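**Q** In case you want the letters, here they are:
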Amino acid sequence: MTQYEPLRLYVPEPTGRPGRHTDFSYLHLSPAGEVRRPPVDTQPADTNDLAYELVRVLDDTGRAVGPWAAATDPQLLRRGLRAMMKTRIFDARMLIAQRQKKMSFYMQCLGEEAIAVAHALALDSGDMCFPTYRQQGLLLAREDVDMVEMICQLLSNERDPMKGRQLPVMYSYKRAGFFSISGNLATQFIQAVGWAMAAAIKGDTRIASAWIGDGATAEADFHTALTFAHVYRAPVILNVVNNQWAISTFQAIAGGEGTTFAARGVGCGIASLRVDGNDFLAVHAATRWAAERARRNLGPTLIEWVTYRAGPHSTSDDPSKYRPADDWAHFPLGDPIARLKTHLIAIGAWSEQEHEAAQKELEAQVAAAQKQAESYGTLTDGHMRSAAEMFEDVYKDMPEHLRRQRQQLGV
Amino acid sequence: MTPKTTPMTMIQALRSAMDVMLARDPNVVVYGQDVGFFGGVFRCTEGLQAKYGKSRVFDAPISEGGIVGTAVGMGAYGLRPVVEIQFADYFYPASDQIVSEAARLRYRSAGDFTAPITIRMPCGGGIYGGQTHSQSPEALFTHVCGLRTVMPSNPYDAKGLLIAAIECDDPVIFLEPKRLYNGPFDGHHDKPVVPWSKHPLGEVPEGHYTVPLESASVFRPGSELTVITYGTMVFVSEAAAIETGIDAEIIDLRSIWPLDLDTLVNSVKKTGRCVVVHEATRTSGFGAELTALVQEHCFYHLEAPIERVAGWDTPYPHAQEWAYFPGPARVGAAFKRAMEK
Numbered sequence: 001m002t003q004y005e006p007l008r009l010y011v012p013e014p015t016g017r018p019g020r021h022t023d024f025s026y027l028h029l030s031p032a033g034e035v036r037r038p039p040v041d042t043q044p045a046d047t048n049d050l051a052y053e054l055v056r057v058l059d060d061t062g063r064a065v066g067p068w069a070a071a072t073d074p075q076l077l078r079r080g081l082r083a084m085m086k087t088r089i090f091d092a093r094m095l096i097a098q099r100q101k102k103m104s105f106y107m108q109c110l111g112e113e114a115i116a117v118a119h120a121l122a123l124d125s126g127d128m129c130f131p132t133y134r135q136q137g138l139l140l141a142r143e144d145v146d147m148v149e150m151i152c153q154l155l156s157n158e159r160d161p162m163k164g165r166q167l168p169v170m171y172s173y174k175r176a177g178f179f180s181i182s183g184n185l186a187t188q189f190i191q192a193v194g195w196a197m198a199a200a201i202k203g204d205t206r207i208a209s210a211w212i213g214d215g216a217t218a219e220a221d222f223h224t225a226l227t228f229a230h231v232y233r234a235p236v237i238l239n240v241v242n243n244q245w246a247i248s249t250f251q252a253i254a255g256g257e258g259t260t261f262a263a264r265g266v267g268c269g270i271a272s273l274r275v276d277g278n279d280f281l282a283v284h285a286a287t288r289w290a291a292e293r294a295r296r297n298l299g300p301t302l303i304e305w306v307t308y309r310a311g312p313h314s315t316s317d318d319p320s321k322y323r324p325a326d327d328w329a330h331f332p333l334g335d336p337i338a339r340l341k342t343h344l345i346a347i348g349a350w351s352e353q354e355h356e357a358a359q360k361e362l363e364a365q366v367a368a369a370q371k372q373a374e375s376y377g378t379l380t381d382g383h384m385r386s387a388a389e390m391f392e393d394v395y396k397d398m399p400e401h402l403r404r405q406r407q408q409l410g411v
Numbered sequence: 001m002t003p004k005t006t007p008m009t010m011i012q013a014l015r016s017a018m019d020v021m022l023a024r025d026p027n028v029v030v031y032g033q034d035v036g037f038f039g040g041v042f043r044c045t046e047g048l049q050a051k052y053g054k055s056r057v058f059d060a061p062i063s064e065g066g067i068v069g070t071a072v073g074m075g076a077y078g079l080r081p082v083v084e085i086q087f088a089d090y091f092y093p094a095s096d097q098i099v100s101e102a103a104r105l106r107y108r109s110a111g112d113f114t115a116p117i118t119i120r121m122p123c124g125g126g127i128y129g130g131q132t133h134s135q136s137p138e139a140l141f142t143h144v145c146g147l148r149t150v151m152p153s154n155p156y157d158a159k160g161l162l163i164a165a166i167e168c169d170d171p172v173i174f175l176e177p178k179r180l181y182n183g184p185f186d187g188h189h190d191k192p193v194v195p196w197s198k199h200p201l202g203e204v205p206e207g208h209y210t211v212p213l214e215s216a217s218v219f220r221p222g223s224e225l226t227v228i229t230y231g232t233m234v235f236v237s238e239a240a241a242i243e244t245g246i247d248a249e250i251i252d253l254r255s256i257w258p259l260d261l262d263t264l265v266n267s268v269k270k271t272g273r274c275v276v277v278h279e280a281t282r283t284s285g286f287g288a289e290l291t292a293l294v295q296e297h298c299f300y301h302l303e304a305p306i307e308r309v310a311g312w313d314t315p316y317p318h319a320q321e322w323a324y325f326p327g328p329a330r331v332g333a334a335f336k337r338a339m340e341k
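The listed protein sequences derive, respectively, from chains A and B.
Oh and the first sequence: position 59 is 59 in our numbering, straight run, nothing missing.
Oh and the second sequence: position 291 is 291 in our numbering, straight run, nothing missing.
These are computed hints drawn from the structure, not numbers from a lab.
Note that the structure is a prediction, hence the values are computed from the model and not measured.
Among the hints, erroneous ones may be present.
Some chain B residues close to chain A (C-beta under 8 angstroms, calculated; not the full set) [as the list claims (entries may be wrong)]: (1) G65; (2) L79; (3) D89; (4) L201.
In this text, a Cβ means the ideal position worked out from N, Cα and C, and glycines have one as well.
Construct the complete structure from the given sequences, taking the supplied hints into account.
**A** Following this line, the structure appears as structure tokens:
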């Protein structure tokens with residue numbers, strides 16, 4: 001007779017499922033303004049509490065409170081709000097275009113707009129982001145990226161800068177500090193560390209910013225990146241966007257239950273923060289703090305951005321099959337656009353009228369860009385890059401065997 | 001004026017290539033497990049850290065995925081990383097970074113980003129390394145579009161090819177047959193090793209030169225039979241030719257893929273007979289591709305079926321190493337079969 005019961009395999013489950021509300025108490029939220037802001041030269045081990053708390057600036061009434069509330073220029077906040085609105089409008093229109101079969105696929109970032117947009121506005125020109133497919137806000141926040149060109153990529157038309165080789169949303173904008181998106185998850189995380197190491201080797205002042213989702217932190221590349229970033233004190237910001245869901249997989253399956261993704265960093269000797277990703281001011285302030293550390297040779301910072309993937313994973317996904325349909329409405333960190341709007345109105349830097357006007361203006365801008373892009377073709381109308389181009393860029397110079405294969409294709 | 005040459009082992013020649021490139025190009029960096037202070041387990045990078053500093057030659061964590069992943073990022077920045085995977089048998093954790101990232105970065109970004117990286121890895125058996133220090137995985141790389149796969153057989157080619165690889169804007173897998181590091185081993189494991197200092201290909205120019213990629217060499221001219229091979233099997237094939245008395249023309253591919261098709265096609269058209277030899281396992285090995293290419297391009301010139309000699313389709317055994325290794329007797333037997341028909 002054994003004194004033990006049979007062993008049991010534990011498989012985590014979300015509290016919410018279709019027809020059953022989520023109990024969001026698992027998020028362990030700190031009240032706005034309560035989490036301390038250490039000096040940028042703090043020791044990584046001294047950030048342990050910050051990896052389990054939640055840095056928040058905006059309270060429920062839209063006031064900016066606590067040590068992370070910097071005196072942010074209202075002009076920058078208005079710019080951020082407009083960029084978030086533009087991102088949401090862009091996503092909405094592209095989703096419709098996908099349903100109209102003008103493009104094969106689309107991925108929106110609904111509910112997560114603050115993270116990429118505030119981050120982009122907190123970095124310097126020349127810094128390099130290694131994004132996932134849900135950081136289109138990094139591009140849409142910039143003045144120097146042409147929306148028409150982005151939409152041409154989505155439409156895979158004859159002006160697609162990726163020459164028709166990549167799924168929609170897999171942009172590449174070296175000149176705008178946006179590394180080519182892979183589609184194989186997590187690979188970019190360690191590459192960002194390599195880029196940052198290169199900047200340090202060359203005595204540069206530019207830094208890298210690595211992006212990953214909660215689900216993909218389970219990949220080896222994530223853990224490898226933490227090791228390399230720590231070992232070489234790489235000037236890199238390691239962003240984990242915890243939007244709770246990786247397709248249908250709840251973040252607990254990636255190892256988020258009973259701990260945080262930020263806590264991974266502290267164990268590796270990396271300064272780590274857990275931040276309200278739907279709070280534009282918190283995202284901006286935390287990014288500035290991490291960027292300052294990187295630029296001062298103080299090493300990497302890991303930031304877990306707590307947010308919620310409000311939409312489906314992609315246009316090929318139906319989240320009503322695995323989570324409550326109204327889950328986002330109950331998510332305690334709310335909508336990043338509504339929260340910043342409330343704050344701006346509260347400080348007298350915005351109004352409902354301006355908001356409405358901006359909404360109309362941005363809708364018209366996106367619509368015009370889409371119309372122009374569609375005039376260069378869509379996936380269905382045959383105006384795409386020539387098949388001959390399929391053989392280019394495999395190597396810098398085309399080897400003989402590819403020339404022969406191109407001839408065989410007869411193009 | 002002929003450049004000054006020095007007798008070098010393949011290890012010294014590889015080190016000289018990295019030395020030349022570290023001196024010439026400030027964007028070249030060298031790293032990997034044990035390569036910094038210690039100079040690598042095979043000593044290929046010995047002295048380079050002392051000469052060029054720790055920010056250009058350094059140790060890496062035991063993480064092949066991290067080594068190649070950071071190299072891709074450094075390449076995107078504008079550096080030319082030269083990284084060492086301690087044994088080719090250890091590259092598998094880096095597969096995603098090699099296959100999905102380095103190889104396809106130029107293509108997927110339409111040239112916006114590139115991965116001008118060189119990944120060195122010692123390969124092949126004959127050192128009692130067992131199944132984790134003896135593999136020849138070249139076929140796994142040749143199947144990946146966007147990669148260049150190179151394997152030198154001697155110090156002169158090793159240096160010239162490594163410089164060409166570092167200067168190349170494509171990712172290059174640089175396989176180093178470790179049994180050839182110290183001498184032109186011909187498969188007779190029971191005989192003393194001839195050092196490179198006694199072989200003309202051990203005379204290596206001191207400064208910068210390249211052996212172009214995609215160029216094979218006619219290692220030994222001959223008229224009766226064409227041997228298509230690379231790496232360790234070049235010298236094994238030479239021994240087999242001498243021992244059988246068959247006038248074999250030995251083509252050393254040097255660049256495995258993309259390859260110099262003309263040189264091998266011209267040779268087979270001339271001799272009418274072909275034996276493909278490699279140390280890697282037989283099935284779906286690169287010999288299968290070579291056999292298909294010869295069949296496609298030389299069918300009406302062939303006098304006999306193409307013969308393949310390769311490692312057996314087993315893991316590389318430890319104690320039975322010499323029963324596994326395709327030595328001169330097995331290669332010579334294939335020559336005879338190709339001549340009989």
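**Q** Taking the numbered hints from earlier one at a time, note which ones the structure violates and give those numbers from smallest to largest.
**A** Of the numbered hints given earlier, those the structure breaks are 3, 4, listed in rising order.
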